[in-house]
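A.B. asks: Which chain is which? The protein sequence lines are B and H, in order. The numbering used here numbers the first residue of the first sequence as 66 and each following residue consecutively. The numbering used here numbers the first residue of the second sequence as 536 and each following residue consecutively.
One or more hints might be untrue.
[Stated by the list, open to error] Now the in silico label distances, taken between C-beta atoms and shown as ranges:
#, chain 1, residue 1, chain 2, residue 2, range
1, B, I324, H, E907, 49 to 55 Å
2, H, D729, B, I324, 51 to 57 Å
3, H, I548, B, L210, 51 to 57 Å
4, B, L210, H, E907, 21 to 27 Å
5, H, L798, B, A79, 39 to 45 Å
Hints were generated in silico from the structure; no laboratory data involved. Note that the Cβ used here is the ideal one computed from N, Cα and C, for glycine as well.
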Amino acid sequence: MNKDIEALIQDFYAHDYILNEELATSIFLLKNLEKPLLLEGNPGVGKTMLAKTLAEHLGTNLIRLQCYEGLDVSTTIYEWNYQKQLLHIKLFEQEKDKKALGNKIFGMDYVLQRPLLQSISADKPVVLLIDEIDRADEEFEAYLLELLSDFQISIPELGTITAKTKPLVILTSNRTRELSDALRRRCLYHWVDFPSKAKEIDIIAKKLPTIDEELATQVVTFIHNLRKSSLHKPPGIAESLDWAKTLLLMNQKNITDEIVHNTIGSVLKHKDDVEFVRNKTVQEFLVPVS
Amino acid sequence: MQAVQKTFRERLIDFTIYCRERQFVLGPQETRDAFAIAEKGYALDRKMFQYSLKAIYCKRKEHFDRFDEMFQRFWSRYYEEKLEQRQKQIQQLKKEKDTATVIFLGTEFKVPKKEVKEQEAKETVGANESIRLRMTDFSKVDVTDKEKLEELAEELFHQMSMRFKRRLENANKGGIDIRNTIRHGIDKGGMMLDLAYKRKRKEKRKVVFILDVSGSMDTYSYYLLRYVMVLKKYFKSLEFFTFSTHLTHVTPMLRANNEAQILKQIGTNVNSWSSGTKIGESLTEFLSVYGSKFLSQKHIVVILSDGLETGSVTVLKEAVRTIRRKCKTLVWLNPLKGMKGFQPIQKGMVNVMPHLDAFESAHNLDSLLKLEKVLMDV
Numbered sequence: 066m067n068k069d070i071e072a073l074i075q076d077f078y079a080h081d082y083i084l085n086e087e088l089a090t091s092i093f094l095l096k097n098l099e100k101p102l103l104l105e106g107n108p109g110v111g112k113t114m115l116a117k118t119l120a121e122h123l124g125t126n127l128i129r130l131q132c133y134e135g136l137d138v139s140t141t142i143y144e145w146n147y148q149k150q151l152l153h154i155k156l157f158e159q160e161k162d163k164k165a166l167g168n169k170i171f172g173m174d175y176v177l178q179r180p181l182l183q184s185i186s187a188d189k190p191v192v193l194l195i196d197e198i199d200r201a202d203e204e205f206e207a208y209l210l211e212l213l214s215d216f217q218i219s220i221p222e223l224g225t226i227t228a229k230t231k232p233l234v235i236l237t238s239n240r241t242r243e244l245s246d247a248l249r250r251r252c253l254y255h256w257v258d259f260p261s262k263a264k265e266i267d268i269i270a271k272k273l274p275t276i277d278e279e280l281a282t283q284v285v286t287f288i289h290n291l292r293k294s295s296l297h298k299p300p301g302i303a304e305s306l307d308w309a310k311t312l313l314l315m316n317q318k319n320i321t322d323e324i325v326h327n328t329i330g331s332v333l334k335h336k337d338d339v340e341f342v343r344n345k346t347v348q349e350f351l352v353p354v355s
Numbered sequence: 536m537q538a539v540q541k542t543f544r545e546r547l548i549d550f551t552i553y554c555r556e557r558q559f560v561l562g563p564q565e566t567r568d569a570f571a572i573a574e575k576g577y578a579l580d581r582k583m584f585q586y587s588l589k590a591i592y593c594k595r596k597e598h599f600d601r602f603d604e605m606f607q608r609f610w611s612r613y614y615e616e617k618l619e620q621r622q623k624q625i626q627q628l629k630k631e632k633d634t635a636t637v638i639f640l641g642t643e644f645k646v647p648k649k650e651v652k653e654q655e656a657k658e659t660v661g662a663n664e665s666i667r668l669r670m671t672d673f674s675k676v677d678v679t680d681k682e683k684l685e686e687l688a689e690e691l692f693h694q695m696s697m698r699f700k701r702r703l704e705n706a707n708k709g710g711i712d713i714r715n716t717i718r719h720g721i722d723k724g725g726m727m728l729d730l731a732y733k734r735k736r737k738e739k740r741k742v743v744f745i746l747d748v749s750g751s752m753d754t755y756s757y758y759l760l761r762y763v764m765v766l767k768k769y770f771k772s773l774e775f776f777t778f779s780t781h782l783t784h785v786t787p788m789l790r791a792n793n794e795a796q797i798l799k800q801i802g803t804n805v806n807s808w809s810s811g812t813k814i815g816e817s818l819t820e821f822l823s824v825y826g827s828k829f830l831s832q833k834h835i836v837v838i839l840s841d842g843l844e845t846g847s848v849t850v851l852k853e854a855v856r857t858i859r860r861k862c863k864t865l866v867w868l869n870p871l872k873g874m875k876g877f878q879p880i881q882k883g884m885v886n887v888m889p890h891l892d893a894f895e896s897a898h899n900l901d902s903l904l905k906l907e908k909v910l911m912d913v
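All chains, full assembly: derive it from the sequences and hints.
C.D. replies: What follows is the structure in structure tokens.
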């Protein structure tokens with residue numbers, strides 16, 4: 066294995082994130098090619114956590130932009146500080162050169178920086194996480210294109226603002242809708258799948274060092290069998306960890322029908338899924354996974 | 536030295552073309568990025584080279600799933616043939632650090648031998664072949680073409696769905712929202728600096744697809760099913776039913792996250808797959824059970840069937856007439872229409888034709904892609 070990749074995997078491991086070689090290569094390219102990385106995958110597979118860990122690994126700030134429908138320039142890039150502008154106008158009411166006054170109040174001092182502008186104005190490269198981009202509108206994707214390809218933002222009154230330092234951009238998507246080809250073209254891509262059984266046991270052991278190995282194996286086997294079933298919302302790694310933590314708090318050594326009945330709410334978040342599991346025996350979900 | 540480097544570049548360009556021909560959307564930027572990683576010496580490590588190209592060339596999960604196999608197929612012979620030679624060179628390169636990458640790349644990636652090139656050419660789906668596959672009737676696809684058609688269908692359906700989406704998008708801003716503008720102005724001494732806009736109402740298209748999965752439609756129903764699955768991503772109000780001797784509401788099964796799971800669920804739950812055809816009875820069942828919910832003057836109903844009715848033609852005619860009356864537009868897609876000399880003279884079709892707004896073929900990829908226009912026009 067390439068030494069840089071190996072070092073990356075080890076460093077992430079020290080920050081409680083278990084990377085595989087393939088994903089580590091994508092992170093390596095993100096750092097070296099200075100291209101954004103688009104991570105797609107089911108909810109709960111660790112996409113957001115990856116960005117947080119990257120920021121920790123680099124010892125830099127994480128700027129997170131949580132996307133939602135209706136997100137626009139004023140909440141993501143910049144907004145004029147109208148109150149400050151009005152006060153300035155009042156203070157300099159007698160000023161004769163109105164053009165200069167206009168130029169002044171539409172200057173950089175009157176801009177409220179939002180996450181995207183903050184990320185390119187930072188003195189030190191930051192990690193910019195654009196989380197759940199599939200929730201935002203297509204218009205917002207269009208706003209992003211300039212930033213993602215050229216690391217610059219255009220503000221009509223100020224012109225083009227080029228990045229002082231290039232942020233490391235990670236975009237995540239749960240694939241609730243298709244993203245545009247234009248956006249995809251500007252990014253590196255990685256599909257984050259559910260981890261293998263061995264890797265998930267490692268994750269649980271790493272996060273919960275006091276857990277019994279047998280219990281961790283049972284939890285992971287159960288969860289992997291659940292993922293194979295047709296559920297509305299298959300459990301992610303976060304759910305595995307929550308459940309393992311719950312069982313640990315309850316001093317359980319094994320998973321029993323009663324325990325499943327009482328605690329399955331920390332794994333499944335849909336009524337039909339809960340009923341599906343409650344109607345089966347625990348043994349059906351503890352069949353070894355190939 | 537330059538010529539040696541060019542050889543590797545040619546090889547990498549060949550791979551880019553190979554991927555492009557397999558529907559990967561790759562521009563000059565991707566090729567530049569690939570060169571950049573190779574020039575940094577990352578091609579020395581086969582896995583790293585593979586994963587790097589994977590991150591650069593893949594843009595969607597479907598590409599991601601196929602890439603490893605494509606990489607193996609294309610690069611394997613080069614890595615294997617030169618493995619021994621490479622070991623020696625790496626040792627040598629350690630001594631001559633500065634020229635390492637260039638020397639390695641030059642000996643590692645030669646222009647493929649003539650016979651290799653010919654073999655690859657045979658494996659390649661070129662532009663002409665894409666056109667041929669688009670025009671091939673689904674019922675006449677042989678085993679060798681099946682996989683290529685699958686890949687092509689996946690990409691073309693994706694492109695079509697993106698076009699759908701763009702056309703369906705409306706500008707978000709409507710007129711000025713005076714009430715909210717005034718409210719925003721309160722803390723600014725009543726000055727209306729911060730204009731609020733009404734959100735333009737998006738036109739919602741409601742579509743109902745009713746797919747015939749009887750035995751006579753066997754060769755078509757799989758592709759038609761895939762087609763509807765793609766459309767489901769972009770029509771939020773899309774309802775999907777299958778029928779043969781009775782009707783099944785499939786929409787709830789489309790909720791699963793991945794395509795394979797959806798197909799598996801449909802395969803498990805649609806019991807009447809490949810059985811007889813009772814179009815009239817199935818449409819009557821649709822009307823009585825789901826009609827009040829999924830039929831209105833906003834609904835477009837699309838029936839995908841060959842019209843070979845084995846039940847009562849009167850029942851079929853009455854059901855189609857009622858559906859037409861209750862919906863905005865009724866479209867019938869018949870795979871047989873693509874056959875040379877086809878006339879809708881079967882009893883079933885003759886009786887329903889007067890009630891249809893559109894009657895189109897759906898026998899190959901090309902005809903399915905043309906439906907885009909039909910659906911947008913209605």
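A.B. asks: Hint by hint, where does the structure go against what was stated? Just the numbers, ascending.
C.D. replies: 3
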